[in-house]
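Asker: The listed protein sequences correspond, in order, to chains V and L. Read the first sequence against our numbering and you will find it ends at 257, with the numbers running on by one and no gaps. Read the second sequence against our numbering and you will find it ends at 257, with the numbers running on by one and no gaps.
Don't read these hints as lab results, they were simulated from the structure. Hints are all accurate, no fakes.
For identical chains, the list gives no copy identity; a pair is met inside one copy or between any two copies.
Using 30 Å as the maximum straight-line C-alpha spacing, the simulated DSSO-like pairs for lysine-lysine come out as follows:
1) 40 with 164
2) 67 with 18
3) 40 with 21
4) 21 with 67
Each chain is listed here by its residues.
There are 2 protein chains.
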Amino acid sequence: MRETDFVSGFAKGLKVIEAFGETRQRLTIAEASKLTGLDRATVRRSLLTLSELGYAVYDGKFFTLTPKILRLGHAYLAATPLPTIIQPHLDQLAERAGQNASASVLDGTEVVYIARASQRRVMSINLTPGSRLPAFCASMGRVLLAALPESEARSVLKRTDLRANTPNTKTDPEELMAEFRRVREQGYAVIDQELEIGLCSIAVPVENDRGQTVAAINIGAPAAYVAASDMAERFLPLLKETQKALRLVLP
Amino acid sequence: MRETDFVSGFAKGLKVIEAFGETRQRLTIAEASKLTGLDRATVRRSLLTLSELGYAVYDGKFFTLTPKILRLGHAYLAATPLPTIIQPHLDQLAERAGQNASASVLDGTEVVYIARASQRRVMSINLTPGSRLPAFCASMGRVLLAALPESEARSVLKRTDLRANTPNTKTDPEELMAEFRRVREQGYAVIDQELEIGLCSIAVPVENDRGQTVAAINIGAPAAYVAASDMAERFLPLLKETQKALRLVLP
DNA sequence: TGATTTTTGTTCATATATCGCACGAAATGA
DNA sequence: TCATTTCGTGCGATATATGAACAAAAATCA
Chain V
7 MRETDFVSGF AKGLKVIEAF GETRQRLTIA EASKLTGLDR ATVRRSLLTL
57 SELGYAVYDG KFFTLTPKIL RLGHAYLAAT PLPTIIQPHL DQLAERAGQN
107 ASASVLDGTE VVYIARASQR RVMSINLTPG SRLPAFCASM GRVLLAALPE
157 SEARSVLKRT DLRANTPNTK TDPEELMAEF RRVREQGYAV IDQELEIGLC
207 SIAVPVENDR GQTVAAINIG APAAYVAASD MAERFLPLLK ETQKALRLVL
257 P
Chain L
7 MRETDFVSGF AKGLKVIEAF GETRQRLTIA EASKLTGLDR ATVRRSLLTL
57 SELGYAVYDG KFFTLTPKIL RLGHAYLAAT PLPTIIQPHL DQLAERAGQN
107 ASASVLDGTE VVYIARASQR RVMSINLTPG SRLPAFCASM GRVLLAALPE
157 SEARSVLKRT DLRANTPNTK TDPEELMAEF RRVREQGYAV IDQELEIGLC
207 SIAVPVENDR GQTVAAINIG APAAYVAASD MAERFLPLLK ETQKALRLVL
257 P
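Hey, can you work out the whole structure from these sequences and the hints?
Answerer: Shown next, in the form of structure tokens:
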């Protein structure tokens, strides 16, 4: 790609939009400038452009994103068959399990939720499509990392901030690599309160008809309700069934 | 705003992203150019910029959005308190009603889903946060339009493509205005298969502590399961309760 | 409170990057 | 094969980014 094939004004504008995600609803020009590292004048132009297009509003002091901004993310969700195909299976899975079920894909060091069926509220975090969690300590993340070549998985870990969310969080790279091997062999991953105290989850890969892992699905349950050691016995058959159904419909 | 305070490269890039929402997953440069009305060279630069930033991938022929694009919409969902505050109430509502519950805000002539708790699958459409429906024929849309001054509601209708989705869809502007008045008086809106055959829904406004309508919540149910005439009796108390709880927590 | 400092929003001039057109090459399809 | 469509690229005209400059607004302090 040539130098001139890059629209830096566009890239900067996207950076400005993402700046809103890092903090709160309202940003001043100076705040956005600090968060993005861009010049105040440049940020101002981006923000005024967003306002002009209806993606943001400006009260003379603060800029606020409007729901119109959701069109951008939705362009992906609507355009990509994966979430659409998975959603009904997920709904059914959640209903039969009586617990929350989710689907996600890997994006760098994080898992991104692309679909979700909630049955009950157990997590303190509000997860919706687009939500992100560190891959190394999430059940779906383990499954997705296990599907990568070892060298790539190791590279992801290297780039990850391996911070412990709970006392249970595994943070040693070698231990995690061993865990990935185990996950690859047994075909599923169980997380015992590594992300949040009181929450266990179990995930399996979603494969297309060529056997490539294209996503992961999981079921989460309160630790008080299902012990980590019982997760597989309790939910693996349901997950496997959904996995099998998806393999038949994914191109 | 001055001419020079508008970054057209940014605006064009956003238009390109939205072009993906209108059709399918993969777009060639020429397709994106047609969809956006922008010059091919311009579209190409935007797409290459998206690829360079990891928001899209290019296989030499087709461009495809990546999950990273969800960060943009998520910047809104994470930054705006509304979805986060509403979600747990919605989960509870859906569980108690045994039906799907959703929350949305108005964006132009459409309602935009900002949160959703699904209990079962009744709609053919896959609704996730960011999904859009025409406001005039959705229960939440009726509630949100009823909350506008009559002149504004009329203006929205004027800009709306009043196409009938089903034989039940009300499309006469005067009839709709009368419906808005009724909704305003009774404090809720019921839709009887105007959007999709077999689907009824009931919505109430979500008000902040100053009584301003900031969103709407609804419950949808299969027409075969609950007749439209029974929707209010069946679900209005639950909706009112959630509405009241939200009024206390919304700033 | 009032003076002083810091931060912020805005403007400006200019060097630089982008836009859209036009053209030829390559791919597609009949 | 030829006709049609799609792509990549060079170029001049035009739009944008930049950082300094300045006024206004906050914040700080005496």
